[in-house]
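Visitor: Once you have looked at the hints, place chain B on chain A.
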Amino acid sequence: MTVPIERSFGGLTVFAVAVAAVCIFVPGAGAAPHVVGYERFHSDEATAEGGAILFSELGCAACHGASAAVVPRQGPRLIDLSQRIERDWLIGFLKDPSSAREGSTMPQMLHGVSNSEVEAVVAYLGSLGKKTKLKPGRHANAERGSALYHEKGCLACHAPTPDFRSPHGDGESLTPALAIAHPDFREKTSLEALAAFLSDTSTYRPDGRMPHFQMDAQEAFDIAAHLIDFQGSDPRELKGVAQWPDSEASLIKQGKETVTRLNCAACHELPGIASNEIVPLPESPTLAGGHCLSEDARPGLPRYELTGGQRESLKLFLSSERSKEDIDGKLTLAAMNCYACHDREGVGGPLHDTDPFFIGDESLGDSGRLPPPLTGIGHKLQADSMKLLFEGSDESRVRPYLNTQMPSYPAHAEALTQWLQAVDAKPEAEELVIRPDDIESGRKLLGIHGGTNCITCHHWGEQRSLGIPALDISSLDARIRPSWFREYLLNPASYRPGTLMPPLWPGGQSTVPDVLEGDTERQIASIWAFIKDGQGIPEGFPERSGGQFELVPEDRPIIQRTFFKETGTKAILVGFPGRIHLAFDGSSGRPSLVWRGRFFDAYDTWFTRGAPFEKPLSEEVYPFDEGGTESRFLGYQIDQSGAPTFLLERNGGKVTDSYRVEEGVLIRTLTWAEGGEPEVAHPAGAVVETARSGRTLTLTYSWK
Amino acid sequence: MEMRIHLFAAGLAGFMFSVEAEEAPPSYEVFELMTASSPNDSRSKDWRPGDGITLEVSGMAWIDDELAISIRKGEVWIIGNPLSKNREEIAYRLFASGLHEPLGLLRDGNDLLVSQRSEITRLQDNDGDGVADAYLTECDGWNVSGNYHAYAYGPERDGQGNLWVTLNLGMGPLANNAVGWRGWGGTIGRDRKFVPKALGMRSPSGLGVNLEGDMFYSDQQGTWIPASPIYHLREGVFYGNQESTKSLNDPAAPFQMSAIPKGGTPYDVALRSSKEFVPPAVWLPYNKMGRSTTDIEVIDEGGKFGPFDGQLLIGEFTNSAVNRVFLEKVDGEYQGACFPFMDGFPAAVVRLSFAPDGSLFVGMTNRGWSSLGNRSYGLSRVSYTDELPFSIREMRARPDGFELVFTEPVDAASLGDAFEMSSYTYLYSSAYGSDEIRTKSHEITDAELSKDGLSVTLRVEGLRPLYVHELSANGLKSVRGRSLDSPKAYYTLNKIPR
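Taken in order, these protein sequences are the chains called A and B. Heads up, the first sequence is in the working numbering, so the first residue is 1 and it goes up one at a time. Heads up, the second sequence is in the working numbering, so the first residue is 1 and it goes up one at a time.
If we strip away everything but chain B, and leave its shape as in the complex, we get:
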């Protein structure tokens, strides 16, 4: 049976970000361990922290039951009893200080590895007094011009044991991207030197590894980066930002590019013009999914964080939110969909880390930019309430459409007027971000519900490779009568499966 569907003006319908469906009990609850006592004026030239520890979270690592946290002013704190819901039982102990804007923290045996602007540092407590007494250079070798934006992120360990580091481009006064691997990602070499592996990054502030052990990084919309992407990080590829190509002149460059893609062209056209240029596994469309992606954290909690094991959670700065990403492999490459997941955090979400009990620690700091959160910084903990949310758990590409997998059975009667789809791409250019371009509505000619009610197979006319396919599922209900936590999903269809 074939039907016509007409898409309404995209983007007009309001949608809920919140995990809490209006009529359903909440599936997640949030406990604030700490928020800033200062008001949120974090762009002010005279910004001052609040009382107590300036917990501008920039990195998190678990040491058994304790949580180590790096903060932007250059300290590492160890939090005792982090799982207590009595704030007076939660203890904060200073472990290291005097670091230069650390933005990543990783446990390595008995040590901690922490990023600083000019190096990755190994922190050791050799005399066992609970305070670091050795600050050893674990990796350096990139240019630090003194430009404030030239951050270093990581390290993060992939499934093969490689430690990955990403280097922000410089922007503004003193910026120098001509030398020293700005806009590159790489690993820590045997000689403790940075080993450049891939280029084209702008503001790669988040690293994370999936269950297969593959490394991913997030970038942020800006020059050459039309919207916020999540990329599979690996050697020998170019992610689009041309500022970073200047380091190709370095004799240590691991490869040369066959062609530099031309700016001012639609993204799919640009991608085809250079064999090193790869698309993101997932685009997070601007505004719709937030504006500045940050950390990546895989859910591997055996159901203790809800029905999303194996998926990635993505921190969102400006919207003070957390988004969700489902990935699959088509023709050997990752692609998939993103879904709005949770919002309303008290400050910009910068770091995510799962606790041993399967709850999610959310580290926040606004300073220097701004977010919807009305606090300057803080640390929150999100726990699953065992109340199953009604969500599109997975969105999988098919040769002629998509398969949606739900967390609970769908009410067949609600399918009638539910689905709409449009697709678009972006302009690849040196401009700051891009509008969605070449937007097209797609007819959904068939929507078939599986016998168990858990999946719907959509047949969609005119799928376009390399385009974002935006799905709306308004009005869809579960058999329990619940509405979707988010009726929106955005699938980055790099390849159409055969």
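Next comes chain A alone, as it looks inside the complex:
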């Protein structure tokens, strides 16, 4: 029997039809541009300050100059649009930006422009960019992406997804009214393009309004899968961006002319097109008459669907005495939406709605989940370290317990740093008087033996704190100014209300009167000096903390094979309850070293992928002397007490080498076959007692 086969009808065409059908342009709710800094602080009442934020964030300054914001608002880079953006979506967006994305700050530019001219503009835009090939889809996990989206800091500006349950909530989803809306990502773009955007935000959005979050490629795909609501796993189940039609050179040229005429280059970086000269602002602004502030902006001018309040605010701003110094600080923080996460001088910080989404380590109280305040930040942080922070350097990520990540603003790190350092400068601040002889007292004060117990809460480099995981203080000197350090120690709560950090010099009085005569200033300076000195660790850390997988032989010896620093890659470690331990080298068939005290921490052997070499948890280490016969290692046997006998072979003859610990001494017993007595080396510093009986040699090692 032969069965006829017909052509199958795949899903692609159906999908494309569906996409096309949605692209209908209905201006309506959400048409007014949404500027978070304005909505949050100035939408109740028209003010010049609100107008200043709008003037900056609607891009007015791009044509008119005179924005006071430190980082000017720009449009996105229009590169590789044909790879990244659906053509139909783009056409809809250009015709009416706010219908394609609610609250878009992009004005209508193409009102009064014919459809054929729109086609030309799109053809021109499609020709921009290097046609960089997007990285192929990775296996995406939308569930993980959702967790990242809701924890990493996206919610500072964007809403949680409706079905997401707040980690602190009662099951109710929160919808912050200030959130910047997303477009329908499925209509706009593809999984790969969205992931590429998230991985490299500062390339596409150089003005930092959508800042760059550090993430690996997998995280970008996972978040993109969440945003695009792709619940599958294989990205090839999704379509990519539909192929743009080829355009005639003449059409592209025509589009370029239109784009030039409309002065798109004022906001967007466009190759070979310069922006027009600055258009001076009118002496007395008016809301009527076809200007960009009016409802009926003339063709060729941007048309904004402003609310009445927004118009009034802009008018007030334009009529006001525009003194840059008055407003630029708050304006910049509002424009960049720093206030979403940070409080500064009582302004901003998480809102009632967004607060529950800031999560972290609750053992640190609110400091363990909320980003730090910015009050006086330019005084607190040294310029270099602040710049690194804006650049997104790993070293500046000092609060690993916060789930929310500080994004980076690489293009403007310099400008932001200069500005904050200038506005917060405190030339009158009291500097520390360092006395080099006091450094050792600093070590004592940081520790727990008669000190101020800093390490009870704070990590110190590799050493984990003895208690809650507060930030690493071992290199504070690289980040903060000593004068700020002094002020903070004298009254932590004045900088950060509600901090768990106690006032250790209440009212300026030391709680440790027997160190440096209880002199508060000397004590604080000595702590700083010890940190700056960078030598040694505070008193009171265990010899090596951080393990939690320290092996402690109690009733029986513990044997573990591992990579061992002193012995090599075939080390067999034997820990005895008598606190004398042995490393035996399986590659040479010889004992390698003995140590006394604590055995070792097996975390790296058991649970670290990278398998770093282990080392003794003790300084009392006694390597075996050079020499001694090498043998082939054949394994080991364990006796009733758990002690090992190493089985060896030398020139065809069997040798055994056994170890046990009794009353503070290590007892080693060697046996050999007829004529095969091995040469024996002993551990350094040991007192050796030797007993011989036929082909058995018993050695007793002890140390003073």
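If you're looking for bench data, these hints aren't it; they were derived computationally from the structure. Since we're looking at a predicted model, the values are computed, not measured. Cβ atoms here follow ideal geometry from the backbone N, Cα and C, with glycine treated the same way. Mixed in with the good hints, there may be bad ones.
What the hints assert, rightly or not - Heads up, simulated DSSO-like pairs for lysine-lysine below, C-alpha to C-alpha not over 30 Å straight-line: (1) B/Lys-262 <-> A/Lys-239; (2) B/Lys-85 <-> B/Lys-288; (3) B/Lys-440 <-> A/Lys-130; (4) A/Lys-565 <-> B/Lys-193; (5) B/Lys-288 <-> A/Lys-239; (6) A/Lys-565 <-> B/Lys-246; (7) A/Lys-615 <-> A/Lys-565; (8) A/Lys-330 <-> A/Lys-426; (9) A/Lys-135 <-> B/Lys-440; (10) A/Lys-133 <-> B/Lys-288; (11) B/Lys-262 <-> B/Lys-288.
Claimed, not checked - Derived list of chain A stretches under chain B, where covered just means 3 residues or more per stretch with a C-beta under 8 Å from a C-beta of chain B: (12) 554 to 560; (13) 688 to 699.
Guide: Leaving out everything else, chain B in the frame of chain A:
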């Protein structure tokens, strides 16, 4: 009668991985013996295990009714009552400890053989107290540089009684592949030394033997390995990864290569350039079948695990899945097809082992990498429900196409628009993996259903030797109206039968 078929853009159509066809009752059920109580953050530098036994399964061996399991932190546990579905009746007993990242476990008489980084070790319980008291070197002789990636896998016993071991390449800090057989597979010699037999491996984390007693190993996509392959393991051949060729300078090298294939060439071209260079029996195309193959386990359960006896099951790390492989011999060499089989396991699947009752134990661990599973480790058991799945059981090459053998009769009416085929190969290069290249659609000019409805013979235009031939059978129904568990199959057509 001749018809034309046009292939649609490959890879767009969604497909089900699950064995459970939507409308059909499930053919397999999964019981979780244990999963990690810790969340899945297994790439974290500060990863911590959950409470209880850190059951990061790295090897499994049956001792009568009990299951011995090696775990990555270096222990061997014996599980009593492993077939109970009451977790409280399942008992865990520590048998051996202090091992260095064991990644394989095999029963040998009264002993267990276990891999460690630097040797294969024989574990004996001489005093009969249920705990190992002798840890004897069974085989060593390879270089251990201290690089974390330099794992040792095995041993696995072939039909002649040889015990095979495979050695991972080192990658990253301290890696040294210049000496000591990294990237080689071999057997345990009489003098307890590793006997190198074949080279060209990258990450040969799975070994398994088929019903004929031939040994197979799996490798993972990466440098020189364009997608995940399953190879017939034997002496005197090269599997492609050139890092391993450095050990050819060792006087103990069992053979020399007539030519080192040139990188940057299509795979079929590269294969023809060196007579030692052999293709995999089966490619598992990247993403489509998963991303990191692990264990190999033959189905030999007399129907107790469904209608797939004689086939191989392949563990899949990243997708937390198990794939299925059918092999046949053409001109004396193995080749065949792979099929998506089961997914949705709670962590990365690393080891597979059939229990005496024909159920499949699936051992898992994510640590160090990551998988779709949301747990860090665990042990699951898969049982056949006696509900026959509708599957492409076999895909056999023919001189002018393929023969598909189904588990139950096909509804002739559903054949009309079912079949599509494309083929592709890979680029052989030092890069990390390869795209599919030289992709071509094939016309299927004829599809003939056998009288019993159990097989379909496809006549395919332009078959290409050494290429993967990807089959789609969308919309195919059984006479009971069921859809295929997976409408996809990938046949590695090394040779076209005459």
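Visitor: Each hint needs a verdict: does it hold in this structure or not?
Guide: A quick look at each hint next to the structure:
At roughly 36 Å between alpha-carbon atoms, B/Lys-262 and A/Lys-239 are farther apart than 30 Å, so this suggested pair is violated. Between the alpha carbons of B/Lys-85 and B/Lys-288 the distance comes to roughly 33 Å, so the proposed pair goes past 30 Å and is violated. As the CA atoms of B/Lys-440 and A/Lys-130 are separated by approximately 28 Å, the hinted pair is consistent with the 30 Å bound. A C-alpha spacing of about 26 Å is found between A/Lys-565 and B/Lys-193, which places the hinted pair at or below 30 Å, so the restraint holds.
This hinted pair checks out: B/Lys-288 and A/Lys-239 have alpha carbons roughly 16 Å apart, not beyond 30 Å. Taking the CA atoms of A/Lys-565 and B/Lys-246, the gap is near 27 Å; set against the 30 Å cutoff, the hint holds. For the hint linking A/Lys-615 to A/Lys-565, the alpha-carbon distance of about 6 Å falls within 30 Å, and the restraint holds. Between A/Lys-330 and A/Lys-426 the CA atoms are separated by roughly 18 Å; this keeps the pair inside 30 Å, and the hint holds.
Only pairs whose Cα atoms come within 30 Å are accepted, and A/Lys-135 paired with B/Lys-440 is accepted, the gap being roughly 22 Å. With a CA separation close to 21 Å, the supplied pair A/Lys-133 and B/Lys-288 stays within the 30 Å bound. Note on B/Lys-262 and B/Lys-288: the hinted pairing holds, with a Cα-Cα distance of about 27 Å set against a maximum of 30 Å. Chain B is given as covering the stretch 554 to 560 of chain A, and this holds because 3 residues of the stretch bring a CB closer than 8 Å to a CB of that chain, at least three being needed.
Under the rule that three or more residues need a Cβ within less than 8 Å of chain B, the assignment of the stretch 688 to 699 of chain A is violated, with 0 such residues.
Violated hints, listed in ascending order, are 1, 2 and 13; each of the other numbered hints is respected by the structure.
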